[in-house]
Amino acid sequence: MNDNISTITVMGGRNKIGEEEPIRRLEIKGGDIIALVGPTGSGKSMLLSDIEQEAESDTPSRRRVFISGNNGSKEGIIAQLSQTMNFIIDMTVGDFLKMHASSRGIEETAVVSEVINLANSLAGEPINMLDNITTLSGGQSRSLMIADVALISNSPIVLIDEIESGGINKLKALEMLSLKGKIIIIASHDPLIILIADRRVVMKDGGMCRILETDEKEKELLRDLTALDNRISALRDTLRSGNAARVCV
Amino acid sequence: MKFVTVAGPPSSGKTAVLIHTIRHLLEDGQKVTVGKIDCLETDDGDRYRKLGIPVIVGLSEDLCPDHYYVSNLEEILALAKANNASITIVETAGLCHRCAPAVAGCLSIAVIDNMSGIDTPKKIGPVLSTADVVVITKGDIVSQAEREVFREKTGLINPEAEILEVNGLTGKGSIRLKNIIAGASNVDTLANKDLRSSLPACICSYCTGETRIGNSFQLGHVVKMESI
Ligand SMILES: Nc1nc2c(ncn2[C@@H]2O[C@H](COP(=O)(O)OP(=O)(O)OP(=O)(O)O)[C@@H](O)[C@H]2O)c(=O)[nH]1
Ligand SMILES: [Mg+2]
Chain A
44 MNDNISTITV MGGRNKIGEE EPIRRLEIKG GDIIALVGPT GSGKSMLLSD
94 IEQEAESDTP SRRRVFISGN NGSKEGIIAQ LSQTMNFIID MTVGDFLKMH
144 ASSRGIEETA VVSEVINLAN SLAGEPINML DNITTLSGGQ SRSLMIADVA
194 LISNSPIVLI DEIESGGINK LKALEMLSLK GKIIIIASHD PLIILIADRR
244 VVMKDGGMCR ILETDEKEKE LLRDLTALDN RISALRDTLR SGNAARVCV
Chain B
605 MKFVTVAGPP SSGKTAVLIH TIRHLLEDGQ KVTVGKIDCL ETDDGDRYRK
655 LGIPVIVGLS EDLCPDHYYV SNLEEILALA KANNASITIV ETAGLCHRCA
705 PAVAGCLSIA VIDNMSGIDT PKKIGPVLST ADVVVITKGD IVSQAEREVF
755 REKTGLINPE AEILEVNGLT GKGSIRLKNI IAGASNVDTL ANKDLRSSLP
805 ACICSYCTGE TRIGNSFQLG HVVKMESI
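Going down the list, the sequences are from chains A and B. Residue 287 in the working numbering sits at position 244 of the first sequence; the count goes up by one each step and never skips. Residue 610 in the working numbering sits at position 6 of the second sequence; the count goes up by one each step and never skips.
One chain only, chain A, in its complex shape (with noise of 0.2 Å):
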């Protein structure tokens, strides 16, 4: 599927109050790590959505949105990974992956712990393959579906709604998933994932109003910021597993 990069191009329609929004064209390509920014009611579950549905001009927004570079098939290119999704299945987490696998014609059994690898490379606490799925932690789970689209779901496209990212490497998640040239676009309000993103769009009263480059002095913060986040996340662990926490410079 990913030998077809797509491309979205998404024509702008109208915000909330019925005003044509600033932002008339947004182009998307593969490999391209895309951020939603605004507040709650910007309008920015609504941009996936429209995205999702290739909106023609039938939306409330009436946007349209072209995806192309497939091979004519619609099924399967996007992936989604929002807060609200649980796994719900009674099943281990290897059993379930070896289906998921099944039903995307995947037969090597190799990809399951691949997957499961991927996962434990992104959160703490680690994923077993004789774990039941329902049982995993938040993080755990967060984590696996990431991997989960990132190698077996592979579609070119993944949207991504305010996932809870406590705990996990949210620099190497992402980066893990537009390797192949996917195209990720993101809903958040984490710094460190918009200004993981190349670019940003700034949603305003459900319209599309500004789109940001991330510049040079935001990289840098990014860095800083990517270092803090690894200290949190190695203090979690340590206060985690019992130990003292000790200051470290």
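Heads up, a few of these hints could be off.
Below, in silico cross-link-like pairs of lysine to aspartate or glutamate (EDC-like), each with a Cα-Cα straight-line distance of 16 Å or less [unchecked claim]:
1) 727/B <-> 756/B
2) 757/B <-> 118/A
3) 247/A <-> 62/A
4) 141/A <-> 756/B
5) 72/A <-> 241/A
Hints are computed from structural coordinates only; laboratory data are not their basis.
Given chain A, put chain B with the ligands in place with the hints provided.
Same frame as chain A, now just chain B with the ligands:
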């Protein structure tokens, strides 16, 4: 007149999806009448009436809801005609997952939900296997991986159907369903049309109100398991 049947297990999201879809149809100037068949009780009539459209609710009570549904399809169509509707939509849950038969020549929509477990598609029989369109709901609360597996299992049971994911809460995906309904072929009458599947045979003493257990009370079409 377009005549559309919408079936699927209880609480799979039929009404939630239809409310969004009908709202889009009304915006397009269509006139919609809804018939709802259930067994004992339902609030669906009130939910549809809030759209300001004519609604008829039939409760089968002591009858098999699917037999009752088939016997009343023409009555629902008659009401729709009397209201000058351009589209009739019949919602039914079906009793035993097997029935709620679709009508040949009329658009048939099955609604199933991701929460019901990945074995559901193979359990529900003709409701799913004879549908033209399968709507899958509640994709917002399960993982992407489970959605993909569920969708694949659905496709194995009914490879011909168009599969749509619709969110019954937000209505996401319902515009596509609206377009499919608007493009359905027209029918004038249901008389002489065929069901796409037969209903299970069911003529035994329990069908006529028997409540006692025991071989001597079991008359008519009775099938026994071989347990020893
Ligand atoms: N999270 C979520 N909930 C949904 C979705 N679709 C429906 N629901 C909820 O599921 C419940 C049942 O929905 P209904 O539309 O009443 O289901 P139904 O199939 O019409 O049920 P009956 O007519 O009683 O057989 C309601 O609480 C809905 O709000 C969905 O896509 N996502
Ligand atoms: Mg209902």
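Checked hints:
no., hint, result
1, 727/B <-> 756/B, "holds (15 Å)"
2, 757/B <-> 118/A, "holds (14 Å)"
3, 247/A <-> 62/A, "holds (12 Å)"
4, 141/A <-> 756/B, "holds (14 Å)"
5, 72/A <-> 241/A, "holds (11 Å)"
Consistency note: the structure conflicts with none of the earlier hints.
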